[in-house]
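Using the hints, put the two chains back together into the complex; each one sits in its own frame.
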Amino acid sequence: MAPIIHIENISKKYLIGHQSREKYLTLRDRIGNMIGSMGKKRQGRYSEEFWALQDISFEVNQGESVGIIGPNGAGKSTLLKILSRITEPTTGRVTLNGRVASLLEVGTGFHPELTGRENIFLNGAILGMRKADIIKKFDEIVAFSEVEKFLDTPVKRYSSGMYVRLAFAVAAHLEPEILVVDEVLAVGDAQFQKKCLGKMDDVARNHGRTVLFVSHNMQAIQNLCSTGILLKNGKMEKKGNVLQVVSTYLGTTVTQPNSRERRWGSPDTAPGNETIRVHGICIKPDGPGQTQQITMNAGFTIEILFWNMVSDLRLVVNLCLYTVEDTPCLESLSVDEKEWNTKPFSKGLYRSACHIPAYLLNQGTYRVRIFFLNDSPSTLFDFRDAMFFSVEDLDERNLPWYGKFIGVVHPRLQWETEKVRDEADTSINKLHAGG
Amino acid sequence: MRSIENQRKIILSEEKTPLIIEAGRTERRYFRDVFRYRELFFFLAWRDILVRYKQTAIGILWALIRPLLTMIVFTFIFGKLAHLPSDGLPYPLLVFTAMLPWQLFASSLSESSNSLIGNANMISKVYFPRLIVPSSAIVVSFVDFLISFSILAGLMLWYHHMPGWRILTLPLFIVIACAASLGAGLWLSALNVRYRDFKYVVPFIVQLGLYISPVGFSSSVVPVKLRLLYSINPMVGVIDGFRWAVLNGKTFLYMPGFCISLAIVLLLCVSGTWYFRKTEKTFADVI
Chain A
1 MAPIIHIENI SKKYLIGHQS REKYLTLRDR IGNMIGSMGK KRQGRYSEEF WALQDISFEV
61 NQGESVGIIG PNGAGKSTLL KILSRITEPT TGRVTLNGRV ASLLEVGTGF HPELTGRENI
121 FLNGAILGMR KADIIKKFDE IVAFSEVEKF LDTPVKRYSS GMYVRLAFAV AAHLEPEILV
181 VDEVLAVGDA QFQKKCLGKM DDVARNHGRT VLFVSHNMQA IQNLCSTGIL LKNGKMEKKG
241 NVLQVVSTYL GTTVTQPNSR ERRWGSPDTA PGNETIRVHG ICIKPDGPGQ TQQITMNAGF
301 TIEILFWNMV SDLRLVVNLC LYTVEDTPCL ESLSVDEKEW NTKPFSKGLY RSACHIPAYL
361 LNQGTYRVRI FFLNDSPSTL FDFRDAMFFS VEDLDERNLP WYGKFIGVVH PRLQWETEKV
421 RDEADTSINK LHAGG
Chain B
1 MRSIENQRKI ILSEEKTPLI IEAGRTERRY FRDVFRYREL FFFLAWRDIL VRYKQTAIGI
61 LWALIRPLLT MIVFTFIFGK LAHLPSDGLP YPLLVFTAML PWQLFASSLS ESSNSLIGNA
121 NMISKVYFPR LIVPSSAIVV SFVDFLISFS ILAGLMLWYH HMPGWRILTL PLFIVIACAA
181 SLGAGLWLSA LNVRYRDFKY VVPFIVQLGL YISPVGFSSS VVPVKLRLLY SINPMVGVID
241 GFRWAVLNGK TFLYMPGFCI SLAIVLLLCV SGTWYFRKTE KTFADVI
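Chains A and B, in that order, are what the protein sequence lines are. Numbers 1 to 435, taken from the working numbering, label the letters of the first sequence in order. Numbers 1 to 287, taken from the working numbering, label the letters of the second sequence in order.
Same shape as in the complex, but just chain B (with noise of 0.2 Å):
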């Protein structure tokens, strides 16, 4: 109770200082005000977390079926009927840890897209820093993603595969598939608001990127020569990243791949908070 009386003291004095407000101004306090408004976020993914399967039926088993279904479709696809290679793994476990990051980085990145839009009333008659809210859609999807990792760990456990001290690096590799997500979310949110092409756009991107992220197949099958430039699509990073630190020791991470991926993605997230920002004080005149 103390620490929250000493916070409160803490906020009403920053609040001494007068707020200006002006035409093109770039808020000093911006970010501050993001993390003062840190509970909205919570409150909206908790909201967002509540009603996802409300009225459904079966509820969060949808999380466990969707990436279970595609897995087996894509493990008959590729693996029985194309004969892919699989790195010396059950093909199932070398498609699973590639749909998990997947579906994580693909039902972000719609989700956030959507996510001003979805809240179009709140942005017009309220405010608070609007950055809160794509990156709040981030949080079911995690959530998802984790429902499902139980999946993973069944299916490790059914192949007898125990992951070394990689594991370790995971967290690492998801927060690049969020930050992905993010990146790429902040950018189309904002350009969803002005132009409702990206409503159609998006599950374009998510639908094509399915099949050029090596989701269904090993990136051991792209030509040696092409893959710097197949590392331009920061998933190829990730699930590289996400085989490499699950799947002890059968496949490699390609480092300069790698390393394009995570720039690309830095890139995504500095360019996208800036195009964000820039356009955010509109947003209620046009949405």
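Same shape as in the complex, but just chain A (with noise of 0.2 Å):
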């Protein structure tokens, strides 16, 4: 059978502007372009090509659900929009042999003054919906978005949960032979997630449908893709079974050359906003040497610098480590030192340093994240993938068991255990009756 979706040799240009920092080309600058390229050859003053995609060919049985993973700006979101017709692909060719409904967002189309039925009627026509087939479901979406008291309420008065909740039941009742989904469960509460996730689930194995869906919770993609394709710089990794490919994922995000140590030279370039830059990150583990691991029994120092653009600045730097599975493990935050906790920030450029001490994490590889809070406090600047770094387990067990200790943490903890009686054979019963 020929696959369902067919890709060969995508690539995908964008031209990026330099110069001009208005957002929008104006016919001022094109009039100014066509001016000055006519007396010499400028126009790569104006704008560079970036490849979004190279080169990029696979294919997709029917029935198959594919999971696209990769680092932001690996061109995930881009090939979607390729394969559901939103932008065209600069060169090579897609062959779509079904319906393709796309879900790159949640609630494309809601429109805040209608209220929520008249909103499922639009979002559903907007996802391409029949109105026969809205009728005829209507009741269905309503029961799993669980807001049927709100029904006639205007979207804009919904809690931004209800609406989430609204807007993924419509698409989530879509009957197309592919479905596209971009990372749009990363909103809604846990126990919606799960339902959402349950729903996809449900929609890939028990109707045959081919779902391509891009997510950065490793979790769900291994739980419900069965092939995965990892991208990288527009480039196609590797493609195959699923578990393969987030390990190779994860192995290429830790194993970098310096994946100790990020840095960036200038604040034009770091990332961060006009009150906070970051200049780098550096994971330090105890003891001498650099280039030792970072293990479970060792303590490390995660140590962030960064620029602090504007004057008197109150900042509290707030840590966070996550699983790849993105489940929290902890929060940090610098109030904790007494010393800088009530004096404003004057501009220059800081160390933060946070110590994490031996036998706290467990073995695995973590997400550091940072945010810059002041004291209001709202965030001023929030680093999400700040760094990966996993922790090894080269603890001497006197056991002969080599696999890993379930949880987050493995902590060393106080055991106690002594001999209580001498008789083995019925000691059980009399401790029994003694108690």
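Keep in mind that a hint or two might mislead.
[Unchecked claim] Which chain A residues face chain B? A few, computed with CB under 8 Å, are given here:
| id | residue |
| --- | --- |
| 1 | 94 |
| 2 | 96 |
| 3 | 97 |
| 4 | 105 |
| 5 | 109 |
| 6 | 312 |
| 7 | 362 |
| 8 | 365 |
By construction, these hints were calculated from the structure, which means they are not laboratory data. Glycine included, every Cβ here is placed at the ideal spot set by N, Cα and C.
Shown next, in the form of structure tokens:
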């Protein structure tokens, strides 16, 4: 049987402007450009080619569910946009043997002034459903969304959770042969996320639909998809069994050269904004030597170097650790440090370091996320993927077992065991009788 | 119910032919897609109508007040102050028969020119034939038009002016007015996506157009020599047609001029569709 999706040598080029700061191209720019280029060739001054996707080819069979992973800016969303015909590829060719519905955002086209009921119809139509289908599924959609009571309230009065639930409910009841889903599940509470993933799983497994799914939630990808595709810098690095692809991805993000240290030279290009720019982040294991591994039985320090760009800032650095499955592990704030707690930060370069003691984290790969807050407290800058690192288990155990312990933490806890009685045969009965 | 099922079967069988996405490919099934998304066309129009007068105190009355006030001002300025000829008709009636198609054209044009930008979010996240957006924007103005039509009916009763058989040709002129605004709207909405300058151009066109079109006066005041040139403005043909159809026998339709207006409208529609289709695929990238 022919594959349901056949992608041949897809590339996508964008032109990114450098010189002109204006968001929109105006006629004046265009005319100015034309006059400029008449004298000599100066086009390069204004735009640079950027290949969001380069030479991607793969096939997807009917009923297959494919997870697309990769770091930010790898081209995942661009690929989905091409498959859902929102934008066309610069070169290459895609053959689709089925109707595609894409869900790149929850609640596209929702109108705040309209009621929940009206928005179900509107959103359904935008996603390509027929009115008859929407009527047929209306009750199901409402039940799934759990907003029955507010159906006749304008959605601008909805809480964000209700909004997302309603929006996902509509999308979940599309019945295309190919379903393309971008990272839309990052919203909503955990319970609803679970429900959505369950629905998607049902769509893929029980209805034989083809699903293409982009997510940073590796757990969800592993549960939902059989095949994985790893994109990096617009190129396809790997396609195959989802478990292998996920581990390759996590491997590449942690074992890059200098992965213990990331640095940005100038405040203009560093991640951040007009208040905060990150100069660098590094992880230093305790003890001598910089190349040693991070292990469970030794502590390490996470060090953040940043520029504070405004004067008199009451700043709090907030460090969060997550596992690769996005399970939060811990959160620590720099206000624990008494000396800087009340002091305003003047402009300049700062170093904040947080020490993670030995025997805290279990073996595994972790993501560092750093928030910069002020004392209001509102977020000044959220550096979501500041760094990944792995903790190895080199502990010498007196056990013939080398698997991974369960849990996020693996602290050394106090144990006390003593022998209570000598006789072995009737001890249990006697203990019970005695107690 | 059965017909829906049959329709579905037909559509499903159509989709058995694979869809190919390629750079610069002119899609043969584009207009079939437009047809398939016809419900979206109505839903978008329905949304715009629902939303249009939300949170206003007098709501739909705005559709009556605006043309009525403009008519009064124009009657006063052109009829009473400038003493322009009214072809033997009550001046308010002369103005209002022109006001109606003009309002239809002007508001359709501004709505459809801004429609793509207004729905930018949808365009960058979902596929559908983009042609639906500017064309459905016209429906809202059409509803306003129907409402203000009741004023015309009232005026005609007031002045005891009964329309003859020619009123039956009125839908034709309404279609031409809509086509003119669609053609221009396609151009302007597509250009607006790339060059936001057109956000300022459109109100200017509408403002200026009101004075260069024969809204406040009869086109008989235009010198005969300039009549053909004057008809390049497609609204001249439409407005003259309206007056000819409604104001029984008192005004005449200048045929060569009308043909030019018609030709311009056709040209606008064809070239507008062509330009829109040509640039449509990059909308999501530049919007």
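Hints, verified against the model:
For residue 94 of chain A, the suggested interface contact is upheld, since its CB lies about 4 Å from the closest CB of chain B, less than 8 Å. Contact between residue 96 of chain A and chain B, as hinted, is supported at the beta carbon level, the nearest pair being about 4 Å apart and thus within 8 Å. For residue 97 of chain A, the suggested interface contact is upheld, since its CB lies about 5 Å from the closest CB of chain B, less than 8 Å. Look at residue 105 of chain A: its Cβ gets to within about 5 Å of chain B, closer than 8 Å, so that hint holds up.
Proximity of residue 109 of chain A to chain B holds as hinted, the smallest CB-CB distance being about 5 Å (cut-off 8 Å). At about 38 Å, the closest approach between the beta carbon of residue 312 of chain A and any beta carbon in chain B exceeds 8 Å, and the interface hint on this residue is violated. Below 8 Å, beta-carbon pairs count as interface contacts, and residue 362 of chain A has none with chain B, the closest being about 39 Å; its hint is therefore violated. Because the beta carbon of residue 365 of chain A sits about 32 Å from the nearest beta carbon in chain B, more than 8 Å, this interface hint is broken.
Checked against the numbered hints given earlier, this structure breaks hints 6, 7, 8; the rest are met.
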